[in-house]
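Chain order of the listed sequences is A, B and C. Following this note's numbering, the numbering of the first sequence begins with 1490 at its first residue and continues without gaps. Following this note's numbering, the numbering of the second sequence begins with 142 at its first residue and continues without gaps. Following this note's numbering, the numbering of the third sequence begins with 3 at its first residue and continues without gaps.
Honestly, the hints are just simulated from the structure, not real lab data. No residue lacks a Cβ here, since even glycine has one placed at the ideal position from N, Cα and C. A portion of the hints provided could be inaccurate.
As the list claims (entries may be wrong) - Here are some chain B residues pointing at chain C (derived, C-beta under 8 Å):
1. Y206
2. V207
3. F278
4. S282
5. T394
6. L397
7. T428
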Amino acid sequence: MSVLEIDGLRTFIKQRAGVVRAVDGVSFAIEPGETIGLVGESGCGKTMTGLSIMGLLPNRGFIADGAIRFGGADLATVNEAAMRKVRGNEIGIVFQDPMTSLNPTMTIGHQIAEVVSEHRGVSKAAAMARAEEVLALVGMPRPAERLEYYPHQLSGGLRQRVMIGIALACEPRLLIADEPTTALDVTIQDQILALLDELKQRLGMAVLLITHDMGVIAGRADRVLVMYAGKIVEQAVTGQLFHRARHPYTGALLASIPRLDQPVKQRLYAIPGVPPDLANPPAGCRFAPRCRFATDECTGSEPALGGPDPAHPYACFHPIGPGSALTPAEVTEGHDRPGGSGAPSDLLALDHIVKEFPVTRGGLLRRAVGTVKAVSDVTLTIRRGETLGLVGESGCGKTTIGRMIVALERPTSGRVLFEGQDVGGLSGAPLRQVRKDLQIMFQDPYASLDPRMRVGSILREPLQIQGLGSAAEQRARIADLLREVGLSPRSSALYPHEFSGGQRQRIGLARALALSPKIIVADEPVSALDVSIRSQILNLMRRLQAAHGLTYVVISHDLSVIRYLADQVGVMYLGKIVEVGSRTDVYERPAHPYTLGLLNTIPVPDPEVERAKQGVAVAGEIPSAMDPPSGCRFRTRCPLARDICAAEEPVLRSFGGEHQAACHFPLQTPAGESDVSGVPVR
Amino acid sequence: MIGFIIRRIGQAVIVIAGVTVIVFILRHLLPGSIARAIIGLRATPGQVAAFNRENGLDRPLPLQYVTFLNQLLHGNLGYSFKQNMSVDAIVVHDLPNDLLLVGVSLVLALLIAIPVGIWQAVRRNKLVDYAATGISFVLYSMPAYLLGLLLIAFFAVNLRVLPAEAPQQPTIGGVLSDPAGLVLPVATLTLITVALFSRYMRSSAIDSLTQDYMRTARAKGLRQTTILYRHLLRNSLIPIATLVGISMPGILTFGLIVEQLFNFPGVGLAYFNAAVNGDYPVVFGVTVLVAVATVLGNLIADIAYALLDPRVRYD
Amino acid sequence: MTDITAGARPGTPEGGEAIRQDAGWRMILRAFTENKLALTGLILVVAVALFCFVGPLFWHTNQVNTNILLVNERPSAKHPLGTDDLGYDVLGRLMAGGRSSLEVGLAVALVATAIGVLYGVISGFFGGLADTVLMRLVDIILAIPVVYLFIDLATEFKPTLLLLIAVLSLLSWLGPARLVRGETLSLRVREYVEAVRTMGGRSGRIIVRHLVPNTVGTIVVNATFQVADAISILAVLSYFGFSLPPPTATWGGMLENGVNFLYDGYWWEIYPATLMIVLTVVAFNFIGDGLRDSLDVRLQGR
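Bound-form chain A, shown alone:
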């Protein structure tokens, strides 16, 4: 008997513009003990499906049709009192952002005990005892002590453990996890997913895992449902879905994700266009406007879920199969950079850069209570026409370095040398001159464009500030820029809010290009975008680099994005470079345990690879940047750590060519040394 059975669910949301059909006819079942992955992009309806099950729809949302059968009742029609008995008791839910999802004015012990009291009717003491039990269950260090903590005193990963604890305290039969790890660092993400798996086994639950990340699905889900524009377009056992996808959307999605194991020159497939407006969904197949296989039949009538194999239904008139999938051969070769005539010269050098931010308390009586050591002695060189990728987790300092390169911050000590000149020491007119060559593309497409300015004015501003060209020349340049980034020149009359996230990133890129810079720093260029849009922007970046001979500094926490764009890669941890080298060096011959850990935590959209991974790649929490560990900063989480790691800080050693790493027990043999007996990591 299924734990949960959803039949023809339709959830709508009333808005000013009309009624949005967020979930439009979704049916599936969850069996005991299995993990169902519900995957899709933002707006596809996956979160709404989860909320519908729990009866937690937003104010203007309502279930228009369908049944949600659970435990012999239909949750879609049951009354509020009955629903309350189910919530937190038989079905638990974990939300995306643990900081805002926990009550800031209640201790975490209390927040867990509350669920227990409500549903089990036990005494306060008994409920608190159970809370402590639950904290231990979710792997919280020192649970008894932590009962009295408030959410703001814990890190993101620990808070998410608390959320999971709350959801599990009454041992529900079903756990809904809505993007449970999206807001967390990569290494923490890995820990939380492993925890969910372990708890599932232990408590015999079923799990509905909602996410946009195909890699997460590959590793953790038994069966997968792919949603697009409010409908399920394909459903299959995980292995089947990844290797024998039938729906073009699934195929396109898989082909558009940068992977750690694909050939570097291979270009990502970019799904053109944007998802449809669900207040006025298109008549036929909802994916047709973006589908390369679409015919008139597709735009005319809507395909139903079906197909030869009842265990692998899909909704498409022209399914892709092993023959028509987007094979690597079909995808064209990437744009090659113009061959360098002679060795590329050094364009930018970071010379022992240090950046520390004082942490002050006090209004009038400011006193420094500590410093955040954001960047601690980093030395790097970037060559003309190449791409440097800086990768690391929160607090590693990569964003700060990016900001120092474009002179938004001055280094506390050390020099940023651009074409031999120390940028950090410039100010006034000479600084303004140099700024032309150092531009940045920001992460957040919604905050990086002034909402009160038209696109044309936004793009004209750099030209105006630098006094380049007459009005007519500027106008022409703006039109050119827009065309180059794949937007119509008519866009210059519009406001940013009239564009989608991906389109705004294009505008941001156009603005960065306006002054014909030599270097563009791209700070998390695609993290805030939908999966199917990311490849558009990544391809655009590569294309522009080839066309203009740009030098990029790409900053990202996503190793696969870095791999797609970068020639040289720097891995950072808590303000230090732990490893640097060419792409092949770092990805194929990592020398530092942290690098290896990162590589192992990145979920790869390949079920076999994911299942083969055992254990957790990197344990523990990221230490505070105000008080980094002595010696090697990574030692608190490193499986290879010994005493010397605490006593002495390792220096960067060469591992051949430009490959360097800072570790006392590296995974490769340093240049000029005989074999090191390394301890296997996993």
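We have chain A already, so just place chains B and C on it with the hints.
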């Protein structure tokens, strides 16, 4: 938290110092000299000069300020020639009545405004919400004395149920022994304060209601009342502390108006009478006092905020 | 090289077309007119303005010369709202009073907002010591019970129109200053502001072209409330005698007069002025509230 409180105390001290400077300057900007104001317009230049010398008014200004400050620090708010008492004596006499009036009104206002605000947030955009908003708008838009006048007109003149004047007994015990006379003044000040609070209460409650942790509370299957009390209320109280602090000047001003209207024997009324009679030492003494009260009120509110919000308490 | 974007409709740029929506102003206007309270407020304000400024063209009364023969007359055909204790026709005086109240209210809102915005933007943008000092100054002025002082001043003299506006503005600029400072603090670190720096833009450009335009919403909402507050404070001050000298009419002044006759039952000298004050202040408050709501909506309608 200690750091936060120390900082706030430091700020309060600076603000009070600034206030004394400004009041001091204002005192010396009086149309006509202080001497004339105090001993009368028909004083001869000789009398004025004598007065000035006696009271140290012929010394350089900065020195006078230091004396002024010194006096204040010793609790000396000045001496009223017209009433032949020190200002402190006048004020100390009336202060308990003020504390009664303002204190009771404040507490009542909070007891009314908070539940109403939460109720409005829970039932937002329904009829009750509009009605409550409408009423509080009208209350808020009335000039302060208007409400008092209307209440007097209705209850005292038409219905003759309550006296239009507050109890005039000299001691606080006496004042309390005539509760009927307290009803209208307290009611007026309470209603005005409720109107002042209700605007922010509603939006603050709505803000809290739409937070993610409210959704988590629902996801736990908690009962509606539990959710409201334990989760919404606690979080809504935090901005209220700040709100009370910011409203202090307004509340004290309205208090003055209410006292004048109902002849309530408080510091405000003493001030009003002094202003009408040109009794400047009282005028400035009370001004300083009220300013200090405002700053202290703010400070207490901020400390309450620090205690209520764990993010500040455990920093 | 195959165009990998085949599948999108031919002729469209790779990035896709923009999603056309109304320009900012029209959206706000629409949301505004959908908000019933705000619409009511707007209608009321227009009605009051017409009453005060256009009304006298149809209803001529003498608001300068007193007329002892006509004091305290009940409402009649000749004087629909009766006369007051100086013989002025109440209906006509309401119109005159409205003119001064609205003029003062609007003037104060404008001046106070202008000063406040400048002060707030500078304080918020430059931060540090300047910010601390400027904000302490605001705290100090806020702590002083200015209404108390005005009551005292009222016993000395009656102000001119200009002085009244100046004095009320000095009272009111603190609100917008704090508000704008707060907004500036949060806008200052927005990425689009940082982008201007990376282009070589200077502080002046950032303040004028980016910070102020993005606080306009809050400023306008606040200014609307300022008008309401100004009219209200004017009424309170008038009650204590600090208002324009006779024969200029103000609603508060009318009330101050009329209250003396509360026990005499001369209701027409009290309630009409009361009604006008409350109506006008409520109307502006409704508008301000409606604008604020629509601002929120727009911010959320990404």
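Evaluated hints:
1. Y206: Interface hint status for Y206(B): violated (15 Å vs cutoff 8 Å).
2. V207: 19 Å, violated
3. F278: Holds, about 6 Å.
4. S282: At 4 Å from the nearest chain C Cβ, S282(B) passes the 8 Å test, so the hint holds.
5. T394: Cβ of T394(B) sits 5 Å from chain C, so the hint holds.
6. L397: 6 Å, holds
7. T428: Interface hint status for T428(B): holds (6 Å vs cutoff 8 Å).
Checked against the numbered hints given earlier, the structure breaks hints 1 and 2 and satisfies all the rest.
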